[in-house]
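Participant: Construct all of the structure, not just a fragment, from the sequences and the given hints.
Under UniProt numbering, the first residue of the sequence shown carries the number 1, and numbering increases by one thereafter.
Hints in this document: simulated from the structure, not taken from any laboratory. Because the structure is a prediction, the values reported are computed rather than measured. Hints are not guaranteed to be accurate.
[What the hints assert, rightly or not] Dumping the calculated DSS-like pairs for lysine-lysine here, alpha-carbon to alpha-carbon at most 25 Å: (1) K274 x K288; (2) K559 x K115; (3) K559 x K135; (4) K215 x K203; (5) K281 x K314; (6) K203 x K213; (7) K523 x K509; (8) K213 x K509; (9) K384 x K423; (10) K465 x K455; (11) K523 x K215; (12) K313 x K281; (13) K175 x K160; (14) K509 x K522; (15) K522 x K213; (16) K282 x K314.
[Stated by the list, open to error] Okay, the calculated beta carbon distance ranges per label pair: (17) Q249 x E468: 28 to 36 Å; (18) T383 x E440: 18 to 26 Å; (19) L161 x E429: 26 to 34 Å; (20) L161 x R439: 14 to 22 Å; (21) R448 x A372: 32 to 40 Å; (22) E440 x N155: 16 to 24 Å.
The beta-carbon is built from N, C-alpha and C at its ideal position, and this holds for glycine as well.
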Amino acid sequence: MHGRPPTGSGAAPRPGTRSGTSWGRGATSLGGPPKTGMGFSMPPSTAMMRPGTSARVPVTAMGERPLTQQGIGGMPKTGYGTSAGGGGGRAVQDRSYWMGEIKQRLAALNVEMNKIRSDMDVLERENANYVNLEKRATGLTDELRDLQGQLGDYNTLIDKLHTGADLEETQRAAKELAIKNNRDQEEIDTLFMGRQENERQIKSCEEQLAQEKDKASSRISELGPDAQAAWAQLEADNTRLLTDIAQQQTALTGAQAMQTQLERDLQQDPARQKTWSLQEKKRQQQTKLHDMAAADQAGAALDTKEAILEEIKKNNAEIANIERNLADLERTRQALAMQIQQLDSTVSEEKAAKFEELTRKDKEMTAFLADAPGLLQAEADRTKAVQAEIVALLAGLHDLSGTTLGTAADLQTMTGDLAEKEKELTNAERTQRHLDSERERLMGDLDRVHQLETKIDAERVALQKRVETLNAEMRSFDDVDRIQRELTAKHTALAAEVAQRRTTRRWTKQQLTMQTTRYELKKAQLQDNEAHRQLAALETKWKQLEANNAAAREFIADKTAEAEYSDVQHDVMALVGECLEQNVKMVGLAP
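Facilitator: Set out below in structure tokens:
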């Protein structure tokens, strides 16, 4: 393309001209006669003539050519082969073209960014309003919960009043419950704070342990296969030992709780405590007697006859003491059995008395309920008869008023009859009200009787359970030696396990101390690390920026809330409306 002369850079040919010239040769791109290189003194030869071109025009570099707004394509063409207002457009997209495109794109991006910023402002305002509404909704929810609690209290109070409960007793119970609730709330708060502190410490310890485990894992990964296998075996043993420790600790806690409960029961019951002490003495004496028998069987002989007699007397005294203790134990057992029988008889007598009372009240209620329809029917019939008599008397009075007023004696007689009938009607109504109240009272008594039956059944079941518990405890205390042996064996095993666990704990503490030392060393190395310091500085800066961002958001929310003039607008419009109404009234009152 470098050797080809540029075409189309000149002006377009005029319309209506022919392609040839007056010489009969083809036109050139320059509009003049073709140049053959032979000068103007000699006419050109027709045999050697070729179409004229602009080959002799010097080639201009692309960068040195003058450019118009339409680029290399030239000015808009209006001549032959083009429309009146058309043009070829830009033939080359140069630097100015792309700068214009970039400016257009930047302008569009700025418009879009402004739109996004406006949307973000709207969303932030809506978010601030949402936060305020959420706070208000939370407050209203708490208020609703308090009101629901008050409503429940009022309903409970109304139920108490309807059931005939004592107001002072209810108030006293309410005060006791309030005191108990406050005490429980304080205990709960204390436990919650302690739990949070413990959780924080546990979390910190777990994080440290995790870090130490990671460090240990990294150190172990650097070791050989044999060392890694040995470490895995040690970890498995450690896990198993920890599990065993937890199980044994649980068993020890249960045994200690059982021992504490038994000791508490012994302290609360003097008879049991005495029985326990006597059983202990008996066991000691039996042990001593067994040792003496073993010594006799082993050939342990005494030195003198006096020593033998002294030993026999001592043994006889001990045997007599043991027999007395056994007699005391037997009497104690008989006394406990008698107490149990008395409790059973007392429960049976109370149950029989309450059953008789319930039977009597049930008979009264049954008789009253059986007679109630008849009484109601009799009172209703009597009331109807009285009403019929009153109607008849009124009819007679009407007839008498139509004929004659009668004498004063007749009037007095009728007045007395009317007073008597009114008195009978009043008595009947009073009797009916009394029967209704009596029925309500008896129904309330029936409800209380049912409640009493339920309470008696519950007490009976509780007493039966108590008697069964006492019998089971008596049976268990009969074999005190077995319990003592079990506790001794378990205590010995737990003591051995505790000693082993203490050894393991000391070893673990040593390992923990060593790991802590390594941790402190690594921490010191980390503090000397430049990257760590930079990260710490960046984190501090990030926290500060977050705090500034939060403060800015709060400030925006406050200003948005301050700019909320809907309430003020409502008040102003209300005042304007009132002023307009007053003006209308004043105009209407003007002459």
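Participant: Now look at each hint and say whether the structure bears it out.
Facilitator: Consistency of the hints with the structure:
1. K274 x K288: Holds, because 21 Å separates the two Cα atoms, which is no more than 25 Å.
2. K559 x K115: 22 Å, holds
3. K559 x K135: 17 Å, holds
4. K215 x K203: 18 Å, holds
5. K281 x K314: 16 Å, holds
6. K203 x K213: Holds, at roughly 15 Å.
7. K523 x K509: 20 Å, holds
8. K213 x K509: This hinted pair holds, its Cα atoms lying about 15 Å apart.
9. K384 x K423: 15 Å, holds
10. K465 x K455: 15 Å, holds
11. K523 x K215: Answer holds: K523 to K215 is near 12 Å, not above 25 Å.
12. K313 x K281: 19 Å, holds
13. K175 x K160: 16 Å, holds
14. K509 x K522: The hint holds at about 19 Å.
15. K522 x K213: 14 Å, holds
16. K282 x K314: At roughly 16 Å apart (the allowed maximum being 25 Å), K314 and K282 satisfy the hint.
17. Q249 x E468: 28 to 36 Å: This hint holds: roughly 32 Å between Cβ atoms.
18. T383 x E440: 18 to 26 Å: 20 Å Cβ-Cβ, so the 18 to 26 Å window holds.
19. L161 x E429: 26 to 34 Å: Given a distance of about 27 Å, which is inside 26 to 34 Å, the answer is holds.
20. L161 x R439: 14 to 22 Å: 21 Å, holds
21. R448 x A372: 32 to 40 Å: 19 Å, violated
22. E440 x N155: 16 to 24 Å: Given about 22 Å between the Cβ atoms, the range holds.
Of the numbered hints stated above, the single one contradicted by the structure is hint 21.
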